[in-house]
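Enquirer: Fit chain A to the supplied structure of chain U, relying on the hints for placement.
Line order of the protein sequences matches chains U and A. Counting from 1 along the first sequence, just add 16 to a position and that's the residue number in the working numbering. Counting from 1 along the second sequence, just add 36 to a position and that's the residue number in the working numbering.
No wet-lab data here; the hints were simulated from the structure. Certain hints may be false.
[What the hints assert, rightly or not] Okay, derived cross-link-like pairs now, PhoX-like style, lysine-lysine, Cα gap no bigger than 20 Å in a straight line:
{"no.": "1", "chain 1": "U", "residue 1": "22", "chain 2": "A", "residue 2": "210"}
{"no.": "2", "chain 1": "U", "residue 1": "22", "chain 2": "A", "residue 2": "136"}
{"no.": "3", "chain 1": "U", "residue 1": "18", "chain 2": "A", "residue 2": "142"}
{"no.": "4", "chain 1": "A", "residue 1": "210", "chain 2": "U", "residue 2": "18"}
{"no.": "5", "chain 1": "A", "residue 1": "170", "chain 2": "U", "residue 2": "277"}
{"no.": "6", "chain 1": "U", "residue 1": "119", "chain 2": "A", "residue 2": "41"}
Values in this document were obtained by computation on a predicted structure and should not be read as measured data.
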Amino acid sequence: MKTPLKAIITFIGPSIILLLIFMLIPIIVSLTLSFTDFNVFAIYNWSNASFIGFQNYINLMKDPLFWRALLNTLYALVVAMPLTIILALSFAALINREATYFKNFFKVSFYLPSITNTVAIAIVWSWMLNPDYGLINWFLGLLGIKGPNWLGDPAWAMPSVIMLVVWKAVGYNIILFIAGLQNIPDYLYEAAELDGASRFQQFLHVTIPSLRPTIFFVTVMTIIGYLQLFEEPYMLTGGGPLDSTLSIVLYLYRQGFRFFKLGYASSIAFVLFIMIFALTFIQMKVGKNIEA
Amino acid sequence: MRKVKVSPIEQIVVHLILIIWLLISVIPFAWMLSTSFKGPGEIFIFPPRWIPKNPTLKNYKDLFQQMNFGRPFLNSVVVSLSTTFLSVLLATMAGYGFAKFNFKNKNTLFLLVLGTVMVPGQITMIPVFLLLTKLSLLNTYWGLILPAIANAFNIFFMRQFISGIPDELIEAAKMDGANEGWIFFKVIIPLSKPAMAAITIFTFTGSWNNFLWPLIIATDESMYTLPVAVSVLGGQYTENIAMQMAGSVIVILPLIIVFLFTQKYFIKGITFTGLKG
Chain U
17 MKTPLKAIIT FIGPSIILLL IFMLIPIIVS LTLSFTDFNV FAIYNWSNAS FIGFQNYINL
77 MKDPLFWRAL LNTLYALVVA MPLTIILALS FAALINREAT YFKNFFKVSF YLPSITNTVA
137 IAIVWSWMLN PDYGLINWFL GLLGIKGPNW LGDPAWAMPS VIMLVVWKAV GYNIILFIAG
197 LQNIPDYLYE AAELDGASRF QQFLHVTIPS LRPTIFFVTV MTIIGYLQLF EEPYMLTGGG
257 PLDSTLSIVL YLYRQGFRFF KLGYASSIAF VLFIMIFALT FIQMKVGKNI EA
Chain A
37 MRKVKVSPIE QIVVHLILII WLLISVIPFA WMLSTSFKGP GEIFIFPPRW IPKNPTLKNY
97 KDLFQQMNFG RPFLNSVVVS LSTTFLSVLL ATMAGYGFAK FNFKNKNTLF LLVLGTVMVP
157 GQITMIPVFL LLTKLSLLNT YWGLILPAIA NAFNIFFMRQ FISGIPDELI EAAKMDGANE
217 GWIFFKVIIP LSKPAMAAIT IFTFTGSWNN FLWPLIIATD ESMYTLPVAV SVLGGQYTEN
277 IAMQMAGSVI VILPLIIVFL FTQKYFIKGI TFTGLKG
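Isolated chain U, as found in the complex (with noise of 0.2 Å):
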């Protein structure tokens, strides 16, 4: 029986209009933006701004800024991604394990980080990260280690955005990694064991191929979020010092929403958008793959 239209429209409708404003047309609006010199004089006017081709991707290639931001980000990925899976992976494993007491405390306690808000949290590691009366220094002091000046040195500023993001990351993948590891059928361990494979074997060639599907999708989704890397080095860096952790979402926001460099701000939107975008489709393709 067909539903009538009235009811369509009204149950369906709102939040498609809702959609289409703020989902769909600003996608096409933003590549339009991006073909055009649309600055703070094009605000209030927007006939103010004129097309200019491809003018703000060919600057975007020229601009040494930009590609900093796109390494930087990078870095940032190509250490935080395993980091954070070989962590997650492992403290899900720990945990699911039969013998383990305080399962449930132990999930909570580890997610609390991820819950928690960013720009809030990374007040307090900016506070802990101080060269003189931070925690962290004076915690490798014990140590008889002399910590650097955290986020005053070039070399050590991604490494500690890098340590908020991990340490933020790890105990939502937990929760998905054991829910991964409670989907593995017991009689596989049964068979690995009675083929005398060890505990530390069965991980390996048991728990990890059985896993691949969660292992792909929270390598993927780990990756798209750490491309918008933004509220870690604007708290504690600002993008410094010199550049180290300026990421390509706060060089972004740096052009549209301090410059006003609207155009070119969409340009760089877009390229991440196209990055962000192929990840989602290789995960939509590649995950059916390794789930059939």
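Expert: Positioned in the frame of chain U, the structure of chain A alone reads:
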């Protein structure tokens, strides 16, 4: 259940590792709380002191009296609660429509909705900023709420859940002459409460934590949300550290309380996203 023999040494090592990560997870919170009660003399004491000798509420008082933190707190509460209420309502309605209605192109339309899950905020940010400027909605509650109401993930979540409600219940109500509105309020909502609770918590925490949008849309001090107000506090100099910590406590504490009471839903919701991919 598989029974595995474990040596006591393994038990000790495993629990030790877990306790170390537990400490790493919670120490920043403890340190934040501890520092927020310290007076100016105690912040720079080295080695660090975990329990303040002369705990004071002055930082919290200053935050509300000098920095007017009441306003961003109120803004955050208004924005988060309205966004959550409207988003959950619209998602439940659309979810019901996509799960149970019968019309042409339903699946195409649903795919369109689903496609927006993956659209990153950075791409829509500039056009929406321009639109809100044109509509004079910058620095208004509606400017903060409207773009966040329609949430494709919530619609997807509700559709999956409502698909599991047996059609017979709906057919029976229709036999009694009920229309879609009656069915929605009397059948769908009562049966969808667990799923609605899950997305309520997700949307609320997401909205409470949202930073980049309010940073762009609420540039006037009177419209700051808590994260923005705290970020401004964080940009100030080191003498204010105890006050910064107090500000962070005010942002984080409500989240932790909500989380501890609702962790069951959280974990279910996350698992759901992971498995559906």
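Enquirer: Indicate, hint by hint, whether the structure satisfies it.
Expert: These are the hints, each one checked on the structure:
| no. | hint | in the structure |
| --- | --- | --- |
| 1 | U:22 x A:210 | 16 Å, holds |
| 2 | U:22 x A:136 | 15 Å, holds |
| 3 | U:18 x A:142 | 12 Å, holds |
| 4 | A:210 x U:18 | 13 Å, holds |
| 5 | A:170 x U:277 | 17 Å, holds |
| 6 | U:119 x A:41 | 18 Å, holds |
Consistency with the previously given hints is maintained throughout, with no hint failing.
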